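Given these sequences and hints, build the entire structure.
Number of protein chains: 2
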Amino acid sequence: MDYPDRFDVIVIGGGHAGTEAALAAARIGAKTLLLTHNIETLGQMSCNPAIGGIGKSHLVKEIDALDGAMARATDRGGIQFRVLNARKGPAVRATRAQADRVLYKAAVRSILENQVNLQIFQQAADDLIMDGEQVAGVVTQTGIRFHAKSVVLTAGTFLGGVIHIGLDNHDGGRAGDPPSIRLAQRLREMPFRVDRLKTGTPPRIDARSVDFSVMEAQPGDTPTPVMSFMGSQDEHPQQVNCFITYTNNRTHDIIRNGLDRSPMYTGVIEGIGPRYCPSIEDKINRFADKDRHQVFVEPEGLTTHELYPNGISTSLPFDVQMELVRSITGFEQAHITRPGYAIEYDFFNPQDLKHTLETRHVPGLFFAGQINGTTGYEEAGAQGLLAGYNAAARSLERDSWYPRRDEAYIGVMVDDLITHGTSEPYRMFTSRAEYRLILREDNADLRLTEKGRQLGLVGDQRWARFEAKREAMEQELQRLRSTWVHPATPEAEQLDSKLKTPLGREYNLADLIKRPELGYADVASLKGEAVEDVQAAEQVEIQLKYSGYIDRQKDEIDQMRRQENTPLPDDFDYEQVSGLSNELKAKLMQQRPATLAQASRIQGMTPAAISLLLVYLKKRH
Amino acid sequence: MDYPDRFDVIVIGGGHAGTEAALAAARIGAKTLLLTHNIETLGQMSCNPAIGGIGKSHLVKEIDALDGAMARATDRGGIQFRVLNARKGPAVRATRAQADRVLYKAAVRSILENQVNLQIFQQAADDLIMDGEQVAGVVTQTGIRFHAKSVVLTAGTFLGGVIHIGLDNHDGGRAGDPPSIRLAQRLREMPFRVDRLKTGTPPRIDARSVDFSVMEAQPGDTPTPVMSFMGSQDEHPQQVNCFITYTNNRTHDIIRNGLDRSPMYTGVIEGIGPRYCPSIEDKINRFADKDRHQVFVEPEGLTTHELYPNGISTSLPFDVQMELVRSITGFEQAHITRPGYAIEYDFFNPQDLKHTLETRHVPGLFFAGQINGTTGYEEAGAQGLLAGYNAAARSLERDSWYPRRDEAYIGVMVDDLITHGTSEPYRMFTSRAEYRLILREDNADLRLTEKGRQLGLVGDQRWARFEAKREAMEQELQRLRSTWVHPATPEAEQLDSKLKTPLGREYNLADLIKRPELGYADVASLKGEAVEDVQAAEQVEIQLKYSGYIDRQKDEIDQMRRQENTPLPDDFDYEQVSGLSNELKAKLMQQRPATLAQASRIQGMTPAAISLLLVYLKKRH
Ligand SMILES: Cc1cc2nc3c(=O)[nH]c(=O)nc-3n(C[C@H](O)[C@H](O)[C@H](O)COP(=O)(O)OP(=O)(O)OC[C@H]3O[C@@H](n4cnc5c(N)ncnc54)[C@H](O)[C@@H]3O)c2cc1C
Ligand SMILES: Cc1cc2nc3c(=O)[nH]c(=O)nc-3n(C[C@H](O)[C@H](O)[C@H](O)COP(=O)(O)OP(=O)(O)OC[C@H]3O[C@@H](n4cnc5c(N)ncnc54)[C@H](O)[C@@H]3O)c2cc1C
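First to last, the sequence lines map onto chains Z and W.
According to the working numbering, the first sequence is numbered sequentially starting from 1.
According to the working numbering, the second sequence is numbered sequentially starting from 622.
Please keep in mind that the hints were generated in silico from the structure rather than gathered at the bench.
Quantities reported herein were computed from a predicted structural model and do not represent experimental measurements.
Glycine included, every Cβ here is placed at the ideal spot set by N, Cα and C.
One or more hints might be untrue.
Claimed, not checked - Each pair of labels, with its calculated beta carbon distance range:
hint, chain 1, residue 1, chain 2, residue 2, range
1, Z, Thr595, W, Gln954, 47 to 53 Å
2, W, Gly888, Z, Pro4, 25 to 31 Å
3, Z, Ser525, W, Thr924, 40 to 46 Å
4, W, Thr924, Z, His420, 38 to 44 Å
In structure tokens, the structure reads:
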């Protein structure tokens, strides 16, 4: 049957990508349908119960700055919050939260159910409706035909999913969920480059069988960090500890002895796994000299005894899993509630995508999340938001949008994927960004919320909150710049104890904050009142303290942007550029970058090669 | 691999039967493993979000009296409580609660996770381990071999499950969950009589698209009833309303026009559905003269907008579902979030079971729940408890146990199933019990808790609570019997206004309560203080008011029990009993009842036939 209502956007899949995609499309006013296997699994965390972490929290806060759900759900579901790299510079600081799975899922579902313009429908998508070359809708498992101008596919690990435990394997989308076989077959008939990746998860453990007294407790930070720019500590449920333990030589022996029945080491699994979330068998192999590896023992929630032993993801046979778990300090009596496993699934070469995440081959069809070769909830959510916006913009005939590399980690990720493709699951790191000091997690709202508002993504509540914060920052900066401390006054004396040499002349408060020995807290209330808004205060401090570095990066960006504007014509004949290596020529001809900046990010490209292109271009004119 | 620990009992399946089975086995001290597809779906309600109702609440309270989980979970998850038949006699009164699915599931999971002796493991069971004729364990999907002396199978609708929507169908255990195909195949190779049944569920509706102003609101009762004997109103979450609307002639026309694409009416579905939860297409067919059917609009929870339209279960094609839903008052703009569907599944002829729910053909293998041909959470839970107890008792070499028909609805159900088998999904009704006045929901604890304590099923907390209540009842009865009201005293005057004729002589309070015009509340505080314990007060009132009827039923039971003790020898030659119809002879020879009482419950058996058997027996001696 043809469903009578027509949609602007259909999103297939209710994971992290699908959720943000559907919400974003609906927020800008597109009539949106979220089609997913099972409403009960909306927002389900397939693997570790945590959101954020290095590089990843930047994505979460960017999603948040554009009014997405992930950070807000984290504040409602988070049971342990920490700021990683807190002692390092603000560029690499990263907020990370353990989440109660049930609360997180409930928060996501409630945000979805309360979104206007968004309808949810439970059923597997089996096929796409085509109108010539373009996508025109989705056909479900029972033959319901939903029509829409744009479709966002976010099928995660489900396409042709195969679950491996030792040398046994069976079809599955993730443990307990059926895979998407028919849709995978249909997509393989289309002109996409499809390949296989794999990812894995550790066995889960019953806390009642664990001895915590021999482990190191790891509490959250105090005061408790908050994930969303709109969030507050009041929203947080009860906070709990994580624990740390270690593998040992016996663990490693057990694993080595099991490798002949490992699906990875016997070649049963063909897909490549995530380099930065390796399985424990991978780790003892790659770091053969290490005699122990850390295991973070993370609670899965407040109302369950299940634990997530972060660090021992494995697809070894279950008998080896049991033995290896029980060889770890504190786990001697451990009862496993769910075995670890690896999953292999189809992904699409992201080089077949545009920066809007629309596929190059099928207009109107967008891909987001794990199917683009990424790993992680945050990477998925960020892509989902971008794809959802652009799918909706296409249907509503508005401008498409994507952030540049100097505007957002979302921009870095998408540009990386599209320019280089990926041969292993891609995860975000701060090191992937050129302009780390500008792309901080703390200023994601300042980078993106205004743009989000223009695009229609940002609602009134967030906008009001954002404007108040920006206003408070500006007023505070002005106050700090125009408030002076004179030597030998009581205020100066307060500072002198913290300074190497006493104040020799008058300074305004802004300049004082820039000094390495002083911070906002030391200076702001010397004269007048510090700003109440803690987020504004933090921004003011960072902006003042790092202004030199920040300005330098802004200059680089300007220069880059000028280059970026240098277009590389479609018919650019790279063969003719003398001095270029054959390898680079081949890559350039294959990838056909649209601008010089894009060309500069091709793997193996050197500044010298860029100059050759510039020279050749000028000659052509 | 062989799992190193040995279990006393393995329960396959984490639905309502599996939950109670695993808990009961663990409560009496058996080392128990609960093996289920997915820990996230433990305690999931596949269909309507409600527990209890006529006949069913009796089972829930019996489970509760034996310290099972269902009633306690209902008190923690219930969002609307009512007592049905409140104006009728106590025999047919029944408590019913709407449940928030998420809260109910969370309560069940938490009870399971905190049960000592119980381990939970997530994985599909694919096969049984046999030791000769006996069961010896379970093999999972990935080849893990768990060994146990007894196994309880509670696979619900999953064995060979096929989901139908219109003429489309696909494999599934319930919407969103994979079926059990391999296990179903293996069981079909064993000497069980397997057949197909079907059941159905209505489409779910987004409350935001519903006009409640044109429906009738149905609030819960005040004061709010409680489900568990251990429960209290403090445990209840927020209470909400249900709503009532109706189908109409247009609805019925739409359905009739869709019947040529109904899997039931075109013969695609072979399994028989539940007579008392018929699909809407069944209803308009069977009650062709009715021009409307009631639809109860039930909230699925406090944090979701999904609604369960109770009364329009259907497997019609989705286009017909949409049209029929939108023809109903208040649903004109309804958005369906999940389509209705029917599911066909394997069930086993319960005549192949013993009263302990052990299978006759495979010692140590017990069956419970939907796979025995029943329908409903309560029926499943009650069987689960019984099977779990007996499986554990077998492994621990303790006595088996099952309640008689005059002790519990659980006894009625099991005896019905084993004696008559079933050709359609069996659900409980008070009319199935011969001794309704004795098997009330309010006295389930008085009937069963002491026995449960002896069996080891009832924990200290419940036992203490129960003893206190029983003690309070006895004291109160004694007080009422020994406290006298004399005519023309102030106490008598208080009563006279409620009585047709003033008190003519002295009466004790107990006798006063027996009068139809008076109740416990009118009398108890006339002199002295009424008992504080409301449950005790209720019991005292019922026992006094209905003592005549109750005593008569007790006599009947005694007589029956004497007959019950008359054994029918295994080699009884029914051919020789003259006067018996050939049909009855055939049934008797096939079913070989062990006692006269069992024989008397064979379908078609008459008192006259029983006399013939008695006469023949006496002659034989
Ligand atoms: C075993 C395992 C281990 C993992 N390990 C890690 C790890 O170590 N580190 C890490 O960062 N990440 C890990 N992940 C990945 C993480 O779960 C994903 O990155 C993230 O969930 C991706 O989000 P997504 O939205 O793309 O897909 P998913 O979260 O997988 O969501 C996909 C959604 O689409 C639905 N769906 C699929 N097909 C259809 C269809 N045909 N019709 C309707 N609905 C459909 C599904 O039901 C689901 O709701 C792991 C995942 C798994 C399964
Ligand atoms: C579509 C539908 C409509 C229904 N309609 C009604 C109705 O109208 N009225 C009514 O009273 N009842 C209805 N029911 C029935 C009600 O859901 C069941 O009576 C009740 O859930 C039975 O409980 P159970 O424990 O026997 O099985 P279930 O609740 O089905 O639980 C079975 C459990 O076993 C697990 N399992 C199955 N196979 C395996 C395996 N091989 N290995 C490991 N785990 C396994 C499953 O994952 C699940 O946890 C309906 C059910 C469905 C699916």
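Hints versus structure:
no.: 1; hint: Z:Thr595 with W:Gln954: 47 to 53 Å; result: holds, 49 Å
no.: 2; hint: W:Gly888 with Z:Pro4: 25 to 31 Å; result: holds, 29 Å
no.: 3; hint: Z:Ser525 with W:Thr924: 40 to 46 Å; result: holds, 43 Å
no.: 4; hint: W:Thr924 with Z:His420: 38 to 44 Å; result: holds, 42 Å
Figure legend: structure checked against the earlier numbered hints; every hint is met.
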